[in-house]
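Whenever a hint applies, use it, and build me the whole structure from the sequences.
In order, the protein sequences belong to chains F and X. Heads up: the first sequence begins at 26 in our numbering, then just goes up one per residue. Heads up: the second sequence begins at 113 in our numbering, then just goes up one per residue.
Keep in mind that the hints were calculated from the coordinates and are not lab data. A virtual CB, placed ideally from N, CA and C, is assigned to each residue, including glycine. Check before you lean on any hint, since a few could be wrong.
Said to hold, decoys possible - Beta-carbon label-pair distances, calculated as ranges: (1) X/ALA527 with F/LEU145: 30 to 40 Å; (2) X/VAL586 with F/VAL45: 27 to 37 Å; (3) X/TYR564 with F/GLY107: 49 to 59 Å; (4) F/LEU123 with X/LEU127: 20 to 30 Å; (5) F/PHE185 with X/LEU128: 20 to 30 Å; (6) X/ALA527 with F/LEU94: 38 to 48 Å; (7) X/PHE591 with F/PHE185: 51 to 61 Å; (8) F/VAL45 with X/PRO240: 21 to 31 Å; (9) X/PRO124 with F/ALA127: 23 to 33 Å; (10) X/PRO124 with F/PHE199: 26 to 36 Å.
Listed below are the residues making up each chain.
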Amino acid sequence: MAEKTQFSGEDENAGFASPVQDLIAAGFLILLSLWIMVESVRLENPGSLSTAPGLLPFLTAGSLVIMALGLGLMALKRRRAGETQAPPEDAPELMRTLMLFAMIGAYLGCLQLVSFEYHLQVGAIRLGYGAFEVLTVVALTVLLAIFWRQALWACLLVSFVWVTFLAGVFRYVFTIPLPGSI
Amino acid sequence: MIWDFVLQALSPYILLITLAGVSLGIVWGAMPGLSTTMAMALLIGLSAGMDQNTALSFMLGVYTGSVFGGAISAVMINIPGTPDAVPTMIEGHQLARRGEGGQALGMAIGASFIGNWVGIILLIGFIPLILTFALHFRSWEMFLLAVIGISVSGSMSAGSLPLKGWIAGWIGLLVAFVGVDSMHAVPRFTFGILELQDGINYIAVLIGLFGLAEVLRVLPQRDHYTIPTEVGRVVPSFRMLARHSKAAVRSGIIGTLIGAIPGAGANVASFLAYDIGRRRAKPEEKAKWGKGSYEAIVSAEVANNANIGGSMLPMLALGIPGNAAAAALMAALTLKNVVVGPTIETDHPGLIYFIYTALIVANLLMYGAAIMLIKPCVKLFSLPRGLLLPLIIPICVIGAYAIRLSMFDVWVMFASGLVGYVLHAFRFPTAPIVLGVILGPLADENFRRSMYLFEDRSIGFVLSQYVGTVLLIVIGFIFIEGIVRIRRDRQNHQEA
Numbered sequence: 026m027a028e029k030t031q032f033s034g035e036d037e038n039a040g041f042a043s044p045v046q047d048l049i050a051a052g053f054l055i056l057l058s059l060w061i062m063v064e065s066v067r068l069e070n071p072g073s074l075s076t077a078p079g080l081l082p083f084l085t086a087g088s089l090v091i092m093a094l095g096l097g098l099m100a101l102k103r104r105r106a107g108e109t110q111a112p113p114e115d116a117p118e119l120m121r122t123l124m125l126f127a128m129i130g131a132y133l134g135c136l137q138l139v140s141f142e143y144h145l146q147v148g149a150i151r152l153g154y155g156a157f158e159v160l161t162v163v164a165l166t167v168l169l170a171i172f173w174r175q176a177l178w179a180c181l182l183v184s185f186v187w188v189t190f191l192a193g194v195f196r197y198v199f200t201i202p203l204p205g206s207i
Numbered sequence: 113m114i115w116d117f118v119l120q121a122l123s124p125y126i127l128l129i130t131l132a133g134v135s136l137g138i139v140w141g142a143m144p145g146l147s148t149t150m151a152m153a154l155l156i157g158l159s160a161g162m163d164q165n166t167a168l169s170f171m172l173g174v175y176t177g178s179v180f181g182g183a184i185s186a187v188m189i190n191i192p193g194t195p196d197a198v199p200t201m202i203e204g205h206q207l208a209r210r211g212e213g214g215q216a217l218g219m220a221i222g223a224s225f226i227g228n229w230v231g232i233i234l235l236i237g238f239i240p241l242i243l244t245f246a247l248h249f250r251s252w253e254m255f256l257l258a259v260i261g262i263s264v265s266g267s268m269s270a271g272s273l274p275l276k277g278w279i280a281g282w283i284g285l286l287v288a289f290v291g292v293d294s295m296h297a298v299p300r301f302t303f304g305i306l307e308l309q310d311g312i313n314y315i316a317v318l319i320g321l322f323g324l325a326e327v328l329r330v331l332p333q334r335d336h337y338t339i340p341t342e343v344g345r346v347v348p349s350f351r352m353l354a355r356h357s358k359a360a361v362r363s364g365i366i367g368t369l370i371g372a373i374p375g376a377g378a379n380v381a382s383f384l385a386y387d388i389g390r391r392r393a394k395p396e397e398k399a400k401w402g403k404g405s406y407e408a409i410v411s412a413e414v415a416n417n418a419n420i421g422g423s424m425l426p427m428l429a430l431g432i433p434g435n436a437a438a439a440a441l442m443a444a445l446t447l448k449n450v451v452v453g454p455t456i457e458t459d460h461p462g463l464i465y466f467i468y469t470a471l472i473v474a475n476l477l478m479y480g481a482a483i484m485l486i487k488p489c490v491k492l493f494s495l496p497r498g499l500l501l502p503l504i505i506p507i508c509v510i511g512a513y514a515i516r517l518s519m520f521d522v523w524v525m526f527a528s529g530l531v532g533y534v535l536h537a538f539r540f541p542t543a544p545i546v547l548g549v550i551l552g553p554l555a556d557e558n559f560r561r562s563m564y565l566f567e568d569r570s571i572g573f574v575l576s577q578y579v580g581t582v583l584l585i586v587i588g589f590i591f592i593e594g595i596v597r598i599r600r601d602r603q604n605h606q607e608a
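Set out below in structure tokens:
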């Protein structure tokens with residue numbers, strides 16, 4: 026008997042989600058595409074229709090509507106056929122993920138708002154330690170304390186060594202300024 | 113002139129940087145959950161401070177090292193460091209449990225070395241051919257080529273449901289349209305935000321999708337992996353490799369060809385070579401597959417490493433990256449104002465020879481560094497994810513910031529991370545988005561230019577552009593094949 030082959034895509038996770046998830050995705054994509062189509066038509070057009078700045082965005086969003094409709098229809102058929110679950114995968118830790126996301130957001134917000142830098146003269150070398158280093162050490166210590174779950178001093182030590190090393194490499198080896206540096 | 117570029121790649125400083133890239137790549141690839149693309153995306157920031165040739169050598173080193181690195185954790189702790197190391201894990205870990213871990217890793221090193229050589233040789237052999245052909249492409253053909261790249265990437269990324277791959281690619285295209293348009297300088301979808309006028313930087317998108325999204329997905333999980341036992345002596349035996357030379361050559365060709373298809377990367381290559389290898393194996397060898405077969409390790413490792421050369425073929429010749437890791441390499445080149453594509457030989461004379469040499473150097477260094485780094489890597493496995501993954505967050509931030517020294521790009525990276533997480537939860541592939549964002553400007557500019565040329569012309573005239581018509585047929589074929597595949601899979605699913 027000939028062996029049956031199953032084509033495996035590059036992304037193993039990609040494929041059918043639960044019908045409800047696919048319906049939500051289809052609905053969102055249709056709304057997004059329709060909005061882009063309207064915005065594309067409203068774009069200023071200094072030339073002819075064939076060179077209009079909104080032409081390709083309009084066509085792309087239009088074809089995305091068709092694809093999203095296809096996804097939605099398939100999801101409806103699967104739902105009618107009684108399919109409710111997506112193939113099993115690791116259950117996401119939603120609360121922990123949301124917490125992590127909020128913490129990274131808060132850290133970036135601080136980086137956006139806070140800007141300072143202290144300098145230390147060691148011989149001919151001027152060493153800087155700025156907002157990026159301080160804020161990242163704090164943020165990283167908190168993250169490590171939550172997810173690594175070790176003593177606070179250990180988290181602080183790891184954060185301090187890692188951030189100082191990273192900042193040093195970028196500042197002094199590759200001379201790339203860091204966020205929050207004046 | 114060629115020798116100048118060859119010698120540059122062999123200068124002590126560049127050799128040292130390449131070795132650093134290879135070593136970083138091996139360690140990164142060996143860490144479970146940290147993929148090749150993630151390594152490439154995050155280290156673009158580091159390469160931003162280097163000159164063109166140094167950055168290129170560094171990134172090629174990271175690419176070469178990280179593809180091999182995945183085999184270390186696959187064999188030793190039964191967790192693939194990178195997704196393409198799954199076949200190596202199936203076979204290698206069985207061998208490790210029998211106390212042949214060192215030999216299995218030695219075989220993986222040898223196979224990776226050979227795989228890289230096959231990829232490099234085919235790359236050098238085919239590039240002049242494709243470049244000669246590609247120089248005849250005009251705007252219409254370039255637009256269609258970009259559409260093919262995104263569509264194929266979608267098809268290859270989402271095996272059972274290409275529709276989701278295409279949707280992801282199209283989302284990428286829409287992201288690429290943001291900013292001032294190149295023809296009339298009209299701001300598109302900028303909503304008065306000054307930073308959006310320059311468009312959305314695809315390196316920030318890449319770092320978000322492959323770096324931060326992975327941290328968001330993996331860090332909150334509570335499971336831990338086991339600490340490995342002793343490695344044993346790592347022996348890359350060429351005598352044993354020679355016994356599987358037929359499988360090596362076959363897998364090398366498969367890996368390179370798969371790499372040349374946009375969107376199909378090392379994962380597809382290693383699985384396909386593993387599957388074909390099993391079918392072609394002699395009965396006594398076939399009986400060992402799944403229980404610890406050296407030939408299986410050779411098949412998978414040669415293929416995923418040959419994929420590197422393959423993925424660079426369309427990138428260098430056409431400006432279309434063969435996979436997400438090649439897209440990251442292309443991004444690093446763009447930072448250095450190197451525009452790859454049909455005119456690479458005229459725009460950057462000699463660069464292509466430098467790339468060949470750098471690839472060869474990276475491969476040679478990978479062989480040595482792999483043997484040296486296996487034991488330290490195994491020690492690193494004892495580091496829990498709760499420690500490792502938070503350390504990646506500042507790299508994501510610096511990587512995104514370093515592109516244009518703008519906090520806006522950091523926010524783009526953050527948003528892309530969230531989008532990547534949501535897309536993963538809804539089972540959309542993310543690689544086609546990157547291809548869409550990269551190829552969007554190329555598609556837009558060439559589409560409008562060709563529309564301008566075709567204005568007041570008949571459909572017959574458009575179809576008389578023969579290369580373009582062939583490419584149109586190819587696009588039709590890609591979509592029809594995808595739709596047939598969706599239907600067949602649905603049918604199989606219902607029958608099951």
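Hints, verified against the model:
1. X/ALA527 with F/LEU145: 30 to 40 Å: holds (36 Å)
2. X/VAL586 with F/VAL45: 27 to 37 Å: holds (36 Å)
3. X/TYR564 with F/GLY107: 49 to 59 Å: At 53 Å between Cβs, range holds.
4. F/LEU123 with X/LEU127: 20 to 30 Å: violated (46 Å)
5. F/PHE185 with X/LEU128: 20 to 30 Å: Check passed, 28 Å falls within 20 to 30 Å.
6. X/ALA527 with F/LEU94: 38 to 48 Å: Since X/ALA527 and F/LEU94 have Cβ atoms about 26 Å apart, the given range 38 to 48 Å is violated.
7. X/PHE591 with F/PHE185: 51 to 61 Å: holds (54 Å)
8. F/VAL45 with X/PRO240: 21 to 31 Å: Since F/VAL45 and X/PRO240 have Cβ atoms about 52 Å apart, the given range 21 to 31 Å is violated.
9. X/PRO124 with F/ALA127: 23 to 33 Å: About 48 Å separates the Cβ atoms of X/PRO124 and F/ALA127, which means 23 to 33 Å is violated.
10. X/PRO124 with F/PHE199: 26 to 36 Å: Once the Cβ atoms are compared, 19 Å apart, the range 26 to 36 Å for F/PHE199 and X/PRO124 is violated.
Violated hints, in rising order: 4, 6, 8, 9, 10; the structure is consistent with all others.
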